[in-house]
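Protein sequence lines correspond, in order, to chains A and B. Numbered according to the numbering used here, the first sequence terminates at residue 415, and the numbering increases by one at each position without gaps. Numbered according to the numbering used here, the second sequence terminates at residue 1288, and the numbering increases by one at each position without gaps.
None of these hints come from the bench; they were simulated from the model. There could be a bad hint or two in this list.
One side only, chain B facing chain A, incomplete, derived with CB under 10 Å [said to hold, decoys possible]:
no.: 1; residue: Phe1029
no.: 2; residue: His1117
no.: 3; residue: Ser1118
no.: 4; residue: Gly1133
no.: 5; residue: Thr1160
no.: 6; residue: Thr1162
no.: 7; residue: Ala1207
no.: 8; residue: Asp1220
no.: 9; residue: Phe1238
no.: 10; residue: Tyr1267
Glycine included, every Cβ here is placed at the ideal spot set by N, Cα and C.
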Amino acid sequence: MKRRLTMGVAAAAVGTLLAACGAGGPGSGGGKISGGKLTLGVLTDLSGVYADLAGNGAVAAVQMAADDFQKKYGDKAVTKKIDVIKADHQNKPEVANTQAREMYERKGADALFDVPTSSAALAVQTVAAQQKKLYFNTGAATTELAGKSCNAYTYEWAYDSYMLAHGTGTQVTQQGGKNWYLIYPDYAFGQDMQAKFTPAIESAGGRVVAKDPTPFPSDNYSTFLLKAPTLNPKPDVLGALQAGGDLANVVKQYDQFKVKDKGVQLAIGLLFDSDIRAIGADKLAGTMFTTAWFWNLDDRSRAWAQRFQQRTGQLPTFDQAADYSAATAYLEAVQKAGTDKAESVSKVLNGMTFDDFFARNATVRTADHRVTHDAYLAKVKAPAQATQDGDYTELVRTIPAAQAFDKPSPDCHLG
Amino acid sequence: MTSFLQQLFNGLVSGSFYALLALGLAVIFGMLRVVNFAHGALYMLGAFGAVVLGDSAGLGFWWALLLVPAALAVAGMAMERLLVQRLTALDPLYNFLLTFGIALVCQDLLRMKYGSHSQPYDHAPFSGTVDLGLFDYPAYQVFVLAVSVAVCVAVWLLLTRTRIGTVVRASTERPELTRAFGIDTRRWVTPVFGFGVALAGLAGVLAAPMRAVNSDMGADLIITVFAVVVIGGLGSVFGSVIAGFAIGMLQALGNLYVPVLSQTSVYLLMAVVLLVRPAGLFGKEEHA
Chain A
1 MKRRLTMGVA
11 AAAVGTLLAA
21 CGAGGPGSGG
31 GKISGGKLTL
41 GVLTDLSGVY
51 ADLAGNGAVA
61 AVQMAADDFQ
71 KKYGDKAVTK
81 KIDVIKADHQ
91 NKPEVANTQA
101 REMYERKGAD
111 ALFDVPTSSA
121 ALAVQTVAAQ
131 QKKLYFNTGA
141 ATTELAGKSC
151 NAYTYEWAYD
161 SYMLAHGTGT
171 QVTQQGGKNW
181 YLIYPDYAFG
191 QDMQAKFTPA
201 IESAGGRVVA
211 KDPTPFPSDN
221 YSTFLLKAPT
231 LNPKPDVLGA
241 LQAGGDLANV
251 VKQYDQFKVK
261 DKGVQLAIGL
271 LFDSDIRAIG
281 ADKLAGTMFT
291 TAWFWNLDDR
301 SRAWAQRFQQ
311 RTGQLPTFDQ
321 AADYSAATAY
331 LEAVQKAGTD
341 KAESVSKVLN
351 GMTFDDFFAR
361 NATVRTADHR
371 VTHDAYLAKV
381 KAPAQATQDG
391 DYTELVRTIP
401 AAQAFDKPSP
411 DCHLG
Chain B
1001 MTSFLQQLFN
1011 GLVSGSFYAL
1021 LALGLAVIFG
1031 MLRVVNFAHG
1041 ALYMLGAFGA
1051 VVLGDSAGLG
1061 FWWALLLVPA
1071 ALAVAGMAME
1081 RLLVQRLTAL
1091 DPLYNFLLTF
1101 GIALVCQDLL
1111 RMKYGSHSQP
1121 YDHAPFSGTV
1131 DLGLFDYPAY
1141 QVFVLAVSVA
1151 VCVAVWLLLT
1161 RTRIGTVVRA
1171 STERPELTRA
1181 FGIDTRRWVT
1191 PVFGFGVALA
1201 GLAGVLAAPM
1211 RAVNSDMGAD
1221 LIITVFAVVV
1231 IGGLGSVFGS
1241 VIAGFAIGML
1251 QALGNLYVPV
1261 LSQTSVYLLM
1271 AVVLLVRPAG
1281 LFGKEEHA
């Protein structure tokens, strides 16, 4: 055992030496790329509740970005070898912590992507700073990542709870849904969402009549659905901040209890295409929600979505699209910097403005590494209006990048 | 007052699922002394059975209500014959591990095939509401309650009023003595296991129109059901049914008055019951 350990240390030392010599040597692509290759790590949920909206689709999106980059630059690419590796964090912060360390330290990952589940993303963010390697969050919603936990190695590419709350909360209130009844799952995500929705509704002139935490997970929401129309004043909107299977339960039972017929509309905090498919577009038709992107947005999006579908057999979610966008931006920045050193790559990214099929009118904010871009207030299409299978989303209004996200948090010091 | 009664009714509806599942666990435990950890997975298979029949064979809810429990009963009997039976002579832990393993395998196979998201189910038999005098209530959920009560009463009558029931109860309580009377207790073990599994499948089919159908649905639910069984008294058929409905109502009232406590309340009650009556509320009476 001891002997093997010694040999391992020796091998690592030799590896490090080789890597150091390799830089600048022949075959390393001429750049200062550690180990002569780039390794993109996708740390995601491969088996749990977020596996469908992130999971192997996220891995495929990052691989697509790597392939497209190599096709674009060919021999001029900063390196000819880009590896995409993946790991399952099971939505647990302690597993995410270990896996992130493993990927950065032992598997040579230069940057990590995805990481759904806020607690897991916060763990990875800490590891990234310790390792001085980059991490691009697309999967987790908490604003804390760009708030008091922010650091110079982490970027927030896709969405956050502020964007969801201010899209849906503000817009629906302004369109006449003044009184709200909020139900939120009683764990970090739900509490964060509730804390963002309440001020969004109130600052738009609305009122939160009541808010209730619901057990997590739960398959019975009848108590809250019966309570909704009896509150005084009667709420116009039931804001359901549940996710995944819980959300499916809420909507199925909302439908059976005929809450809509009693004058209480449904608005949903976070809704992915995979949720709409699970619940059935007929039950959700007309429901308002905010999204960072959807595949049927326009021709550019459709073209990318089609390529993604050819590769994976599925239509992409916004998380997967954001993974492609972030990985592409990262590779371009490495190309421009000529090195994979995180600080140098960061210098290229910070303050960058760009526009790709996912992120429109996008800016990488220097102050907190939040990427601001247009977001979309949308509603679920009735099945009769859908042009094809998987066409669920109808654009209501584009929320300009400047309004979609909160101002940089005073708690954030990139250091 | 109306809202209080409404909550009690809500509780009865969610209690319907607890009761059906706990009943199945109780008959299996009574006959085999096996705690079937696969029960939640079998409930999940019941719901998926309804989805698959609807999607691929175009068979609606009523067919599913008939065919899925029957198919699961057969599968359950095969499971008992091929696997569970081989381990009954050993420490009960072996069957804990076996059934728990079966549950994990079922969940992962379905996750591989269908992913982790819920499956849509479009074959709900009723969509309207019925007037219950004081308030309107979804017709389907009233139906679920009616089916559950009818099944529980039928099982109770079967066990107390028929010869088969007498034999099963005798084999449960005094297996040696029953054998001494010349009755082959072994031949009842497999059908009883299959019957318990069928009840889980029935609960699963009933869940499909009103709950999210996904690979985790059973795992989430079964923890509460175990608490129900412990509170009611392990192996007590009557106790598990009563506890099932009672816990449903307790949770519903908790949701209304103290939402933060609604989940914990079940385990608090379980802890108190275990301290005061370690065999569960109805445990001793059954075996005395």
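These are the hints, each one checked on the structure:
The criterion of a C-beta within 10 Å of any C-beta in chain A is not met by phenylalanine 1029/B, whose closest approach is roughly 24 Å, and the hint is violated. With 10 Å as the threshold, the beta carbon of histidine 1117/B comes within range of chain A, its nearest partner Cβ sitting at about 5 Å, so the hint holds. A cut of 10 Å between beta carbons decides the hint on serine 1118/B: the least distance to chain A is about 4 Å, and the hint holds. Interface restraint check for glycine 1133/B: the shortest CB-CB distance to chain A comes to about 15 Å, outside 10 Å, so the restraint is violated.
A cut of 10 Å between beta carbons decides the hint on threonine 1160/B: the least distance to chain A is about 31 Å, and the hint is violated. Interface hint status for threonine 1162/B: violated, as the beta-carbon distance to the closest one in chain A is roughly 34 Å, over 10 Å. At a threshold of 10 Å, the smallest CB-CB gap from alanine 1207/B to chain A is about 8 Å, leaving the interface hint in force. For the restraint placing aspartate 1220/B at the interface with chain A, the shortest Cβ-Cβ distance is roughly 5 Å, inside the 10 Å limit, so the hint holds.
Interface restraint check for phenylalanine 1238/B: the shortest CB-CB distance to chain A comes to about 24 Å, outside 10 Å, so the restraint is violated. The restraint placing tyrosine 1267/B at the interface with chain A is violated, with a minimum CB-CB distance near 12 Å, outside the 10 Å limit.
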